[in-house]
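Going line by line, the protein sequences match chains A and B.
Quick note: the first sequence, position 75, residue 75 per the numbering used here, numbers continuous.
Here the numbering used here runs 129 ahead of the position in the second sequence, where the first position is 1.
The reader is advised that the hints may include incorrect statements.
Covered stretches of chain A, as calculated for chain B (at least 3 residues, CB under 8 Å) [to be verified]:
hint, stretch
1, 29-38
2, 70-79
The following label-pair restraints were derived from C-beta to C-beta distances [stated by the list, open to error]:
hint, chain 1, residue 1, chain 2, residue 2, range
3, B, 206, A, 128, 46 to 52 Å
4, B, 199, A, 85, 41 to 47 Å
5, A, 96, B, 199, 25 to 31 Å
6, A, 21, B, 222, 22 to 28 Å
7, A, 129, B, 225, 46 to 52 Å
8, A, 97, B, 218, 27 to 33 Å
By construction, these hints were calculated from the structure, which means they are not laboratory data.
None of the values given here were measured: they were computed from a predicted structure.
Where a beta carbon is used, it is the ideal one built from N, C-alpha and C, also for glycine.
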Amino acid sequence: MKRLIAFSLVSAALLCSSCGTDHANLPTEFIYVAPPTPTNLAAAPAPERCALSWSYPAGSMSLVREFRVYQCYEAYGIVQLIGTTADTAFVDSLLVGNLYYCYTVSAVDTTGLEGWRADAVCAFVPTGP
Amino acid sequence: MKRILAAMLVAAALAGAAANARAGENLWYSVFFPGWGQTRAGHYGRAALFAGGEVVSLVAFVISDVQYDRAVEQYDRAKAAYLGATYIGDAARQYDVMREKWDDAESLHRFRQAALGAAVGVWVVNIVDRALFDETRVPPLAFAPRRDGFTVMASLSF
Numbered sequence: 001m002k003r004l005i006a007f008s009l010v011s012a013a014l015l016c017s018s019c020g021t022d023h024a025n026l027p028t029e030f031i032y033v034a035p036p037t038p039t040n041l042a043a044a045p046a047p048e049r050c051a052l053s054w055s056y057p058a059g060s061m062s063l064v065r066e067f068r069v070y071q072c073y074e075a076y077g078i079v080q081l082i083g084t085t086a087d088t089a090f091v092d093s094l095l096v097g098n099l100y101y102c103y104t105v106s107a108v109d110t111t112g113l114e115g116w117r118a119d120a121v122c123a124f125v126p127t128g129p
Numbered sequence: 130m131k132r133i134l135a136a137m138l139v140a141a142a143l144a145g146a147a148a149n150a151r152a153g154e155n156l157w158y159s160v161f162f163p164g165w166g167q168t169r170a171g172h173y174g175r176a177a178l179f180a181g182g183e184v185v186s187l188v189a190f191v192i193s194d195v196q197y198d199r200a201v202e203q204y205d206r207a208k209a210a211y212l213g214a215t216y217i218g219d220a221a222r223q224y225d226v227m228r229e230k231w232d233d234a235e236s237l238h239r240f241r242q243a244a245l246g247a248a249v250g251v252w253v254v255n256i257v258d259r260a261l262f263d264e265t266r267v268p269p270l271a272f273a274p275r276r277d278g279f280t281v282m283a284s285l286s287f
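Chain A on its own, in the form it takes in the complex (with noise of 0.2 Å):
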C-alpha cells in the first residue's frame, strides 16, 4: 500500500513539472526600424554595363551605411548581391551584351540593418562595338 501511495505521488509531482510555460517571453512589439527605401531607382544601359542611380533622403543619409545593389531574376524570385556604395550611383559593367538585366538596391543603416529594397528597375543592355 505504501508503494501505491509512493508512486501516485511520484507520478502527481512528474504531473505538475511538465506543466509550466516555456514561450512566456514573447517580443511583442516590432523592434526594427528599418531606413528608407531608396526611390526612384532608375538603370542608364550602355554597351556591356549599365549606370544605376536612386534618391535618398538627404537627412537620412547619414544613418546609412552603405547601399546594396542586386541583380535580380524575377522569374526566380532570386536576388543576387553585386556591390555596395556609399553613394546614391553604381556602374555594374563587363556585362555580357544583349541581354536584359534587372537590378534592385536597399539602404543599410549603421546598425548593420538592410531596408526594404527598392521597386525592381530592368534595362537592355546592347553589345559592345
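Use these hints to put chain B onto chain A, whose structure you have.
Quick look at chain B alone, frame taken from chain A:
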C-alpha cells in the same frame, strides 16, 4: 429449505464482512488510480466512469504536452531567426511566423492545462466518492434450487 436459507445468510454475512474490512483499503486504491477502489467495492459503473475519465484526461494531457513541446521548439527557432535577422523583409516574415507559433504554443498550453485540470478533477471527485460513499456493494446472490441441490449465481450490477 432451511439449509438453503442458512447458506444464503452465511454467504451474505461473509461477503458483507469481507467488504467492510476492505472499505478503508479501497480508498487508497482509488487514490492510486481512479475507479480502482470502486471496482473493488463492486461499483462498476462508477469505476468505469472515473477510470475512463482519468484515462481520457491523461491521454489528452500527454498528447497536448508533446505537441506543446514541439510548438515551443518551433517558436524558439522562429524567435532566434527573427532576432538574428539583418534584412527587414526577413525580420517581418519571421515575426509573423514567431507570432503564429506563439499562438499555437499558447493554445496548446491552455488545452494541456485543461486536460490536467480534468485529470485532477476526476481524481479528486473519485476520492470524495470513495470517502463519502464508502459502502461496498455486495453482488446479489441468487439461489436456484435443483433436485440434487442448489445453484448459487452472483450477478454483477453497474
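Checked hints:
no. : hint                        : result
1   : 29-38                       : holds (count 3)
2   : 70-79                       : violated (count 0)
3   : B/206 <-> A/128: 46 to 52 Å : holds (49 Å)
4   : B/199 <-> A/85: 41 to 47 Å  : holds (45 Å)
5   : A/96 <-> B/199: 25 to 31 Å  : violated (49 Å)
6   : A/21 <-> B/222: 22 to 28 Å  : holds (25 Å)
7   : A/129 <-> B/225: 46 to 52 Å : holds (51 Å)
8   : A/97 <-> B/218: 27 to 33 Å  : holds (32 Å)
Hints 2, 5 from the list above are not met by this structure, while the remaining hints are.
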